[in-house]
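Student: Sequence:
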Amino acid sequence: MNLREPAQALKNLVGVGLITLLMMGCSPNSDEEKAEAEKTTAAQSEQSMLVYSARKEHLIKPLFDAFQKDTGIQVNFVTDEAQPLLARLEAESERSPADLFMAVDAGNLWQATQKNILRPTDSKLLTDRIPAAYRDPQNQWFGLSLRARTIVYSTERVKPEDLSTYEALADAKWKKKLCLRTSQKVYNQSLVAMLIQRWGAEKTETIIKGWVDNLATEVFSDDTALIKAIAAGQCDVGIVNTYYYGALANEQKDLPVAVFWANQKAGGVHVNLSGAGITKHAPHPELAQQLLEWLVSDKAQAMFAEINFEYPAVADVKPHKAVAAWGEFEADPENLSNAGRLQAEAIKLMDRAGYR
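286 is the number of the first residue of the sequence shown in this note's numbering; add one for each residue after it.
A portion of the hints provided could be inaccurate.
No farther apart than 27 angstroms at their CA atoms in a straight line, the calculated lysine-lysine pairs in the DSSO-like style are these [what the hints assert, rightly or not]:
id : residue 1 : residue 2
1  : Lys460    : Lys633
2  : Lys470    : Lys494
3  : Lys346    : Lys565
4  : Lys633    : Lys462
5  : Lys470    : Lys633
6  : Lys513    : Lys460
7  : Lys603    : Lys409
8  : Lys462    : Lys538
9  : Lys354    : Lys603
Hints in this document: simulated from the structure, not taken from any laboratory. Keep in mind that this is a model prediction, so the values were computed, not measured.
Build the full structure now, drawing on both the sequences and the hints.
Tutor: Right, here's the structure in full:
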């Protein structure tokens, strides 16, 4: 037997033991190390939140990125249409991971309150900065940006003095000259709901029937196509959200279409909004409120205005210079929760009137 073999074996054994001891020392196997790891994970979890958003990614991601840069809080988000998101929140109930629900129409936000999906938010900052007409009466949601839904017209075939109100578009003078977006879009459902609030169902139905009688062509699937139809001579007047007009006018500097502020002596322009509310079962309600309050800051409100040609919900913040050039207007002062409350009635009314 070689006498060197036992010595080498012992040497090898000692080496293995030292390596094992070193590995044990580097591994987080102690109770203290495990607790510290869990604490770190929990801290990381507490500094992130989840938003369910019916706003498209390119319109909200810049805002969430800026919020994270300012606060260190990460905003994860899921985007979809409002109705699937509402159904998801209902199905998830108390198990929902969502902290905030964001929608692009007051009617959808109202539906969220009726489904018991949102909670009231007690924030003096929010109630001071967002006018009562643009927030839920129980402060379950708050408007974040505004869009006027008003009249647009051909600058080549229509004089501004020929225009006045939404109701007047039902007059015979606009026979075969009116373009409308489909009644299936929530923006038109909310507009008609607010006309019901102003005039009652009977008069509103007469107005809508007049609109249908004056259509120059089939209804359009979106506002941009409608504006292009006016520019092309397919019709002379229509009703659109202002930010669609702003985006197209920014691309086509010689666009022969202009904005007219409807109902300046008869109740004001219909204004809708994008807004958000903290979910009833939010895992991180404090972070969600922090985000909501940041979104009504001057910085965030200016970003809303710049990104999508929308009006800031905070009155002191100036709109985009191109939007400001359209001039000031008087808005309908009625609380926009009525757009949701009367939406089902509006849909039935439009169906009876033949507005598809």
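Student: Take the hints in turn and mark each one as holding or not.
Tutor: Each hint tested on the structure:
1. Note on Lys460 and Lys633: the hinted pairing holds, with a Cα-Cα distance of about 24 angstroms set against a maximum of 27 angstroms.
2. Pair hint Lys470 plus Lys494 holds up; C-alpha atoms about 18 angstroms apart against a cutoff of 27 angstroms.
3. With a C-alpha separation of about 24 angstroms, the suggested pairing of Lys346 with Lys565 holds against the 27 angstroms cut-off.
4. Restraint check: the Cα-Cα separation between Lys633 and Lys462 comes to about 25 angstroms, which is no more than 27 angstroms; the hinted pair holds.
5. Simply put, Lys470 and Lys633 have alpha-carbon atoms about 14 angstroms apart, close enough for the 27 angstroms limit, and the pair holds.
6. At roughly 19 angstroms between alpha-carbon atoms, Lys513 and Lys460 fall within 27 angstroms of each other, so this suggested pair holds.
7. The suggested pairing of Lys603 with Lys409 holds, with an alpha-carbon distance near 22 angstroms, which does not exceed 27 angstroms.
8. With a CA separation close to 24 angstroms, the supplied pair Lys462 and Lys538 stays within the 27 angstroms bound.
9. Between the alpha carbons of Lys354 and Lys603 the distance comes to roughly 23 angstroms, so the proposed pair stays at or under 27 angstroms and holds.
Of the numbered hints stated above, none is contradicted by the structure.
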